[in-house]
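Participant: Now for the letters of each chain:
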Amino acid sequence: MGKTLSEKVLSEKSGTDARAGDIVIARVDLAFVQDTTGPLTIRQFKEIKHGSLANPKRTAIFLDHAIPSPNRELSNDHKFLRRFADDTGCLIFEGGSGICHQLVAEMFANPGDIIVGADSHTVTAGGLGAFATGMGSSDIAIAFALGKTWFRVPETIKISVSGRFQKRVGVKDLVLHLIGALGADGATYKALEFNGYTVANMTVSQRLTIANMAVEAGAKVGIFPSDNVTRRYLAAQGRGSKYRALRPDADADYERSIIINASELEPMIATPHTVDNVAPVNMLAGTKIDQVFIGTCTNGRLEDLAIAAAILKKKKRHPKVRLIIAPASQQVLTKAMRIGYIQVLAAAGAMILPPGCAACLGLHQGVLGDNEVCLSTANRNFKGRMGNPEASIYLASPATAAASALTGEITDPRKVS
Amino acid sequence: MMPDKILKGKAFKFGDNISTDHIIPGKYAHLRSNLPELAKHVMEDADATFAEKVKKGDFIIAGKNFGLGSSREHAALVIKMAGVSAILAKSVARIFFRNAINQGLPVLICDTGKIDAGDKIEVNLTTGAVTDITNGSKLTSGKIPKVMLDILGEGGLVPYITKHRDFEL
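Residue numbers (our numbering), protein chains in the order written: chain D, 1 to 417; chain U, 418 to 586.
These are calculated hints, taken from the structure and not from any lab test. Computed from a prediction, not measured in an experiment: that's the story for all the values here. Keep in mind that a hint or two might mislead.
Between beta-carbon pairs, the in silico distance windows are [stated by the list, open to error]:
#1 Glu469/U x Pro70/D: 52 to 58 angstroms
#2 Thr334/D x Ser450/U: 29 to 35 angstroms
#3 Thr543/U x Asn71/D: 42 to 48 angstroms
#4 Ala250/D x Thr543/U: 31 to 37 angstroms
#5 Glu571/U x Val416/D: 43 to 49 angstroms
#6 Gly240/D x Gly474/U: 55 to 61 angstroms
#7 Lys288/D x Asp567/U: 50 to 56 angstroms
#8 Ala250/D x Lys563/U: 29 to 35 angstroms
#9 Gly530/U x Asp253/D: 55 to 61 angstroms
#10 Glu469/U x Ser52/D: 42 to 48 angstroms
#11 Thr334/D x Asp464/U: 43 to 49 angstroms
#12 Ala534/U x Gly349/D: 47 to 53 angstroms
No residue lacks a Cβ here, since even glycine has one placed at the ideal position from N, Cα and C.
Just chain U, with the same shape it has in the complex (with noise of 0.2 angstroms):
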């Protein structure tokens, strides 16, 4: 059997309908084929300094409906880049959502109204559990689609269709 994965890192917390305006707005568009430089841009307008603070391995915990708006996988791709290790929401919008796991960032649902900004947060990947270490706190989250975990599985979608040539459902 696999070794569960496990990821450990600090809690960086958003309210409800963070927007894809707020991940990486579009006035940045031009700056979508130099992500190097977008992505010093990510969160930008959610709060202005989380670019400088996010280190490797930590969450974005967020309310409801994270992600919603444009179809823009630059969001989904910028919050990877900074080193985000998951996203944990109340729910998230449809498109983000696929572009997440398509991006080989995985996104939890969970009740995180329980967590607090700057927490230590483990999850387990492997069985969806969610510790918060400074307080203690036990979450599960919901389940995720089995075509969604095969395409996280390779780390992403292109590399899924590459491996596979297809989908294999």
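Extracted from the complex, chain D is given alone in its bound form (with noise of 0.2 angstroms):
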């Protein structure tokens, strides 16, 4: 019997024949953690006594979360992080350098790694072929020290997708299709592997942004065979090298597969206050909205901001919606810039924020007021996820978020110009 990717990966790194179910201590690539799950590890880390990182080159910090520090009790954790990372060699991207799970994917992840991170959106890197998934402070502080964690090898879920997607419509669209279907625990303590031909069609970027969201079912991992684009994007990362082809085997088993026909998919949005809770933009549309949210780990790369500013292009924003731009990190907002998507989002009446977490999380920059909408192209809706419990959050694509910034309310994106 074959194996699936994650069978592939853990077999490998863990120098066993992993099948679904096995418990196995596999070899970490990359261990990191980010500004507010940080500061616990590295109190774990220090309570083990192990002394040195296993790897102090394939462990990271990354302050994406609360940057600039929107006050003293985060700056101190960031102190403390920095000084963490000078005493042990680590690596420290400094706030503005942009999420965590978008520098992974510009410098780190490669396929057939296994990267654990103290975030779950960790599995972000699963669209460039790695086994990526988040884990807890306690976990992470124990890869830091011994370089390995222990996994139970997942069962996989095949989702094949063929199709072309009509004008407006897109991946963001696709997974939120994908995390209805299969509901907020559907896929919990599995793999979702991604194929078909629109997948092979998919770049880098939206691969990302569909594994971005796997955890949104519950999954481990959201993981992609490698291919040519996936060899393109290495190499234009300076890193072509680092190139393999991964792919599942034939006769690999999977636990069930769902097809799915692009071109039958309209714009989709996940309604609060769960990320399962999805329905058609069409039978939203209307609804008043207060603010707007681009970017995050899901939708905070250049092609969502190309899509955005596509839609805003000398149009202006309505007069009673806030709109707020995060790029996902600095190459994204240099490249933006560069292009000219920032000066027609900026010209459009948007705020334009740091390459960081932003609004995500509820922190800062761009909490809501009582009774409030914000529609946000993230990837979570829960109660009280943006900083208020009373306020209501709707998940959608960056063509849906931009369309519903010129109404002031829910717009499906085929209906503007």
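Mind assembling these two chains? They're in different frames, but the hints should get you there.
Facilitator: Written out as structure tokens, the structure is:
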């Protein structure tokens, strides 16, 4: 019997014949924290008195959730993290560099790698063929110390996508549709593995968007085969030599298969307060909104800003809507400025925030008021997520977000020019 | 033979899909290096009075997919700090499950629909047997992988590694 992508990676990194259901200990290629999970991780690392990091150059700290720091407590957490980096020689990425998952894609993730991070959206790197998964602080502290961790080898659900997207329908709509079909716990403890004609034709940016949201169905990983698209991306990021072809075996054992025809999809939206509460945008059309947020590890990449800029070009946001844009990384911001997307968005009345997580998790930079409604391109709409349990969050694509910013209400992007 | 480990306490009942934002929202990230202050907000967005009412030894009784969302281990940590002796749920999200065990907080998967808020509950951690003393129903809980039982047995992952210095499968 052949192997799924997850079984292949875990077999190689554990030196065993890893099969779904097995418990293995595997080496990790990168272990990381961000600024809100890092301090606890480091205190736990110190508590075990292991001494040095297993691999300082494969240990990373990203300052992205609370940048620039909104208060003294978080500023002191940042100081604590910088001090640890100075003491141990691990990598640290200062505020403004970008969101951890985007930087992991730009600088670290390769096909066949194992990546663990103290952030649930670590799954994003699955778009490049890495077995990447989020864990808590204790697990990452031990991965820092030992350079390995334990995994239960997941069963795999195969997602096959065919067909061409309609105009202004895209991968965000696809992944929202998928989460709606699976349910918020439909893939708990399992791997989602993507393939098919449409997947082969997706850009890395699009694959990262889909992989990013695998965890919203409970999945441990959302993993893509590697191909020429992956190879070209790695080469463009200066690590073409890290490319390797990684495909599942033809006779791999899948728990089940889901087939999606992209041409039948329409713009989708997740309604409050769970991500699997999905409906076609048309059904919610006309719902008044107070804030639009375009950014995050889900949809803060160059292609996302391009979609928003195309819709907002030479137009103005609705006067009663705040429009917040946060590029996912410095690289994204710089390219978007060079091409002119940032100028278009600023001229449309957007607030442009520094590369980082921004308003996504309710810390700062866009906390909602009571009974306010936000349309966001992020990955979570839980009650209280954006800092206020009395507010409502809808999740949709950059196209739907941009179209809705123009009209002041939830709007099907196919209906604006 | 070791005596069975018995937990007793009152049931605090919650529904399906209680996320880490219900348990400890991101807006309190500035308190994560001040755990006693952070712990005052435990379960705040699901039950604003939980922190005052919960007593040492009590149980969180949840529906499906408890703890979905963020990897913040603070979610499991503040529940443990509140004195909760175990979480009983129909199902638990993956990262939260690891985090709870790593904090030495037992999680039992069972049909919690038969338990009402306020019921007196007894859990035998050794056998996994759950008894609702108030209504007399007896439940069995699902198996936890051995590696997790070993970590739980040492009181969490940090004490486990401090003692064993490595994983022992």
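Participant: Next step is simple, just say for each hint if it's right about the structure.
Facilitator: A quick look at each hint next to the structure:
1. At about 28 angstroms, the CB distance of glutamate 469/U to proline 70/D disagrees with the hint of 52 to 58 angstroms.
2. A C-beta distance of roughly 33 angstroms is found between threonine 334/D and serine 450/U, which places it inside the suggested range of 29 to 35 angstroms.
3. Taking the beta carbon of each, threonine 543/U and asparagine 71/D are about 46 angstroms apart, inside 42 to 48 angstroms as hinted.
4. Between alanine 250/D and threonine 543/U the Cβ separation comes to about 46 angstroms, which falls outside the hinted range of 31 to 37 angstroms.
5. At about 59 angstroms, the beta-carbon gap between glutamate 571/U and valine 416/D misses the expected band of 43 to 49 angstroms.
6. The supplied range of 55 to 61 angstroms is met by glycine 240/D and glycine 474/U, whose beta-carbon atoms lie about 58 angstroms from each other.
7. Separation of lysine 288/D from aspartate 567/U is about 54 angstroms and conforms to the stated range, judged on CB atoms against 50 to 56 angstroms.
8. At about 34 angstroms, the beta-carbon gap between alanine 250/D and lysine 563/U stays in the expected band of 29 to 35 angstroms.
9. In this structure, glycine 530/U and aspartate 253/D break the distance hint of 55 to 61 angstroms, their C-beta atoms being roughly 33 angstroms apart.
10. With their beta carbons about 44 angstroms apart, glutamate 469/U and serine 52/D fall inside the hinted range of 42 to 48 angstroms.
11. A beta carbon spacing of about 46 angstroms between threonine 334/D and aspartate 464/U agrees with the range 43 to 49 angstroms that was offered as a hint.
12. One distance hint, 47 to 53 angstroms for the beta-carbon pair alanine 534/U and glycine 349/D, holds here, with the actual separation near 49 angstroms.
Going through the hint list in order, the structure does not satisfy hints 1, 4, 5 and 9.
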